[in-house]
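A.B. asks: Here is what each chain is made of, one letter per residue.
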Amino acid sequence: DSGVTQTPKHLITATGQRVTLRCSPRSGDLSVYWYQQSLDQGLQFLIQYYNGEERAKGNILERFSAQQFPDLHSELNLSSLELGDSALYFCASSVFLDEEQFFGPGTRLTVL
Amino acid sequence: GIQVEQSPPDLILQEGANSTLRCNFSDSVNNLQWFHQNPWGQLINLFYIPSGTKQNGRLSATTVATERYSLLYISSSQTTDSGVYFCAVVSGANSKLTFGKGITLSVRP
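Chains as they are written, first to last, in the numbering used here: chain A, 1 to 112; chain B, 1001 to 1109.
Hints in this document: simulated from the structure, not taken from any laboratory.
The hints are all genuine.
Derived DSS-like pairs (lysine-lysine); straight-line CA-CA distance at most 30 Å: (1) K57(A) <-> K9(A); (2) K9(A) <-> K1101(B); (3) K1101(B) <-> K57(A); (4) K1054(B) <-> K1101(B).
Starting from the given sequences, assemble the full structure and let the hints guide the process.
C.D. replies: So, in structure tokens, the structure goes:
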């Protein structure tokens, strides 16, 4: 157990819908990262927050957004879902920047 | 951006055998991590090793940063070692991990 928690574990929804994925980092970690794992794209970085502020963006679609709250938990919002958004979404956390990242168990999203 | 290449892409071992997994990267790195993704999809941290050598039980890793590669050694493999092994690096000003495509390891009893 890495200490990073993610909910829900599984999510099945329909095209066009909106979902919210939640992540709680390890106690004391200030930095939160979101990654997407799909069969065709592999593991890709989406976005990073550090102590409540957006720090870096990767190949995140405009339909996706995220935020980090004062208690340091983070949410990833995915809207206007498409079949191609089906993937495993991971949250990771680290104490500061450029340090070891620890991954949560992931949320498996299936869009039908 | 930085490129991360892992080899071989697939590996089949008999239980008890040893193996070496390789990760090459195209630029200098601030951070390098090895992960094991088990059949349930969990990413398990194996090593945080931007340089040098570390050992943890039957696993060890070496990163030669000046030559831009890292090696993961698995000795006396067990069926529970099966899964996908990822190398991931941080390079440049941001802290994002860039992952290789992974090495799929199957250990047969």
